[in-house]
Amino acid sequence: MRFDTSPAPHVIAGYSVPRVMFQVLLALIPAAVVHVAFLGPGLLLQAAAACVTALVCEAGALRWRGRDAAPALRDGSVLVTAVLLAFSLTPLLPWWLTVLGTACAVLLGKHVFGGLGQNPFNPAMVGYAVLLVSFPVEMTRWPVPLDAGAAHGWEDLASLSLACFYGGGNPAAWDGYTGATALDAIRNGLDMRYTMSELLDRHDIAGAFGARGFQWVNLAALAGGIYLLARGIIRWHIPVAVLAGLLVPAFIARALDPGANLGPLVQAFSGATMLAAFFIATDPVSAATSDRGRLWYGAGIGLITWTIRTWGGYPDGFAFAVLLMNLAAPLIDRYTIPRIYGHPRE
Amino acid sequence: MARNDFPAGLVLDAHKAQALREPVVEVPPPRYVALALDQGSGSEAEPVVPVGASVRLGTIVARPSDPFAAVLHAPVSGRVAAIEVRETAAAGGLGRCMVIENDGGDTRDEALQPCLDYAATPPDELIARLREAGIAGLGGAAFPTATKLATARERDARRLLLNGAECEPWICCDDALMRSSAGDVVLGAKILMHALAAESCVIAIEDDKPEAIAAVGTAARDLGASVTVTAIPAVYPQGAERQLVTTIFGDEVPARGLPADIGVTCQNVSTAAAVARWARTGEPCTSRVVTVTGSGVARPRNVLARIGTPLSALIEAAGGYRGEPLRLITGGNMTGRAAPSDELGLTKAMNCVLAATFADLDARLVAQELPCIRCGDCATVCPAALLPQQLHRAALAGDAAGLLRFGIWDCIDCGCCDFVCPSQIPLAWRFREARRDLRAQEAAAEKAAAARERFERRERRLQDAAAAEQCVLDAVRQQARANAGTPATPPTDRAE
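Chains as they are written, first to last, in our numbering: chain A, 1 to 346; chain B, 1001 to 1496.
What the hints contain is simulated information worked out from the structure, not anything from laboratory work.
Fair warning: there could be bad hints in the mix.
[To be verified] Label pairs and their in silico Cβ distance ranges: (1) A:R339 x B:A1053: 53 to 59 Å; (2) A:A244 x B:D1208: 57 to 63 Å; (3) A:G114 x B:E1453: 39 to 45 Å.
Where is the CB? At the ideal position from N, CA and C, for every residue including glycine.
All chains should be built: construct the whole structure from the sequences, respecting the hints.
Okay, here's the thing in structure tokens:
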């Protein structure tokens, strides 16, 4: 009798990239629900536009490169990119900017380098950075979140989101419902010589423990992140290092000068902190690859974010922090090769 | 209980219980045996009997030409029918084999002598006799035991470690042997300790084999042997030599070194039992216990079979095929080699014959390779603490320097990285190919260096010859000048 002679090993666990990507999307659901509840349904519109664009760009790019598009569309990685980009965008962005940003993410962020696994930069952050530097006004107009004591309702945000998405209407007419994010308002307030305690007393800025509205989104993202950790989809090194890199300097600065610095709790629960720490910085393709390397990589992201939030020209800094550390990842990898079994200890 | 001190590893489904339910049964000697001259160590022995010669059970039929093969004995009495290239379980799928027709008499070679007074035999003589007995590593490497012992003596390695870990799924021949022949394992340990002048002996057994641990422990007490039986966690690849040494002694075996470098000699428990059987009866290494299992056989069990027995006969002894076996794996499902046919002869290296059906292979059969996403899951399970994702990148790029930097030669080919890869990349296979390419490059470079050396030597020789000729010419000219007092005409222009 004759048999097949494929090489060992003859058994594998059967884990799959689509499963990983599906779990990431699943873990984003709580954050999405909270996001929609507090910021209106804009996220869903952004996510829909981003997903459609991402799938079209992915299929087009693969076809153009002469590859089979079907497995790549099924692997779910491009959907994760699209959804993470949608989370990063304001829910009030006009659809063509979302399409442009997603196309940049998938084409410039991913396929020019050779597709899945080859991109040196986090594709979602490439798309976000392109939009932020090109359309700063549109990118920083956020709805005022529906946290305790809001004067408007969810329906107002719904019609606002739809109008903005289709690009209709006069933004000035929506003035009461839109504004800067908390981090942005605090930065501007400090520039105008307000003290930190005055700013944190304002209900349109601060919530119970973090930024108004965004504190709940962050909490839900944290829950999703813990789920990913528990399922073994991500490992702890990057999120812990990102949070340490952001919160330790925040703690020290706050202790030294409470009037001018946000404390670690507000830092942790405002802006994109939890989303970035658990979902964006953990993109393995563009991160450092050894455990020790990932600690340096994450700490760098946290520290750069804190620096940008404290002194930079942008309210949040995660996109640039992630892109800068993507740039440093090959160098980190070079200096953090773990000691191989049987090789001398240093 | 000792800790599992090597990095990472995997807890795998064992699939061992079924084959252990049945007692070990002896396979009837087959009509013919096909003895692979490379029994699995990667080196072929040279036949020392011609085709047509009649041999007895235990007659030496092939001798090694280097220290990496073991002496081969006739496992049956009869006539040498052929020495030919056949399909084998070796790397290329083909190898020279000696086919011996069995006359059914099992007439024993008279030269075979037991070694009852091993304690009075000088260690070097004992090692020489073990070499003649063809004892080789029965754990799967078929490396000649005598060579290992000699190296250990050279390096004064006085700690003996008997490997009864048997960590790979499906394989349970050592477990069965330890349960049924614990006395031989312990006697073998005593003989090996004498050969090594060893100070201590540890028998390491994974803690999922309580019967074996108890049996070997009892035998050790009964025989008054100074051996320690240690239960170790059942984690794959616990039984890999380096990893086991680290679990037991805490030290790491240096890269590109041997356990002997840190004073340890490692032998398999079934090798020790083979040593004991030889010492008691004079029987050389002509048979072994092998697990015949998988969803593709009717009655999975352990069998005692002559070396060279066709695998089909082993399957027969386990009740024949059942269902639709797709692969016939020699060894376990992590590192075993898939045999092209069941006509192959059993070798000393084969601890298991696994007839795997779709159910045993499923995810592997439908695996679809996707690009690496550098998730690093492979690195978290690598027992050599490598970064397989980086090795893979270097392998795809043909980056020899990268392969070396990330430790391609430290890979032990266990397949843990393959097992967990979400992109279902055949990593172990790719690393095997990369090592083969590196070896080929090295060989080509050596060949080129030798050719250049030859060319340069020739050039030097020609130059020296030309210089010598010029010297003679100059002398002749000078002589002529001196003689005639006028410029002489050179006799020829050859030197120009």
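How the hints compare with the structure:
1. Our hint of 53 to 59 Å for R339 of chain A and A1053 of chain B holds, since their Cβ atoms are close to 55 Å apart.
2. Distance hint for A244 of chain A and D1208 of chain B: a CB-CB separation of about 40 Å, inconsistent with the stated range 57 to 63 Å.
3. A beta carbon spacing of about 43 Å between G114 of chain A and E1453 of chain B agrees with the range 39 to 45 Å that was offered as a hint.
The earlier numbered hint that this structure contradicts is number 2, and it is the only one.
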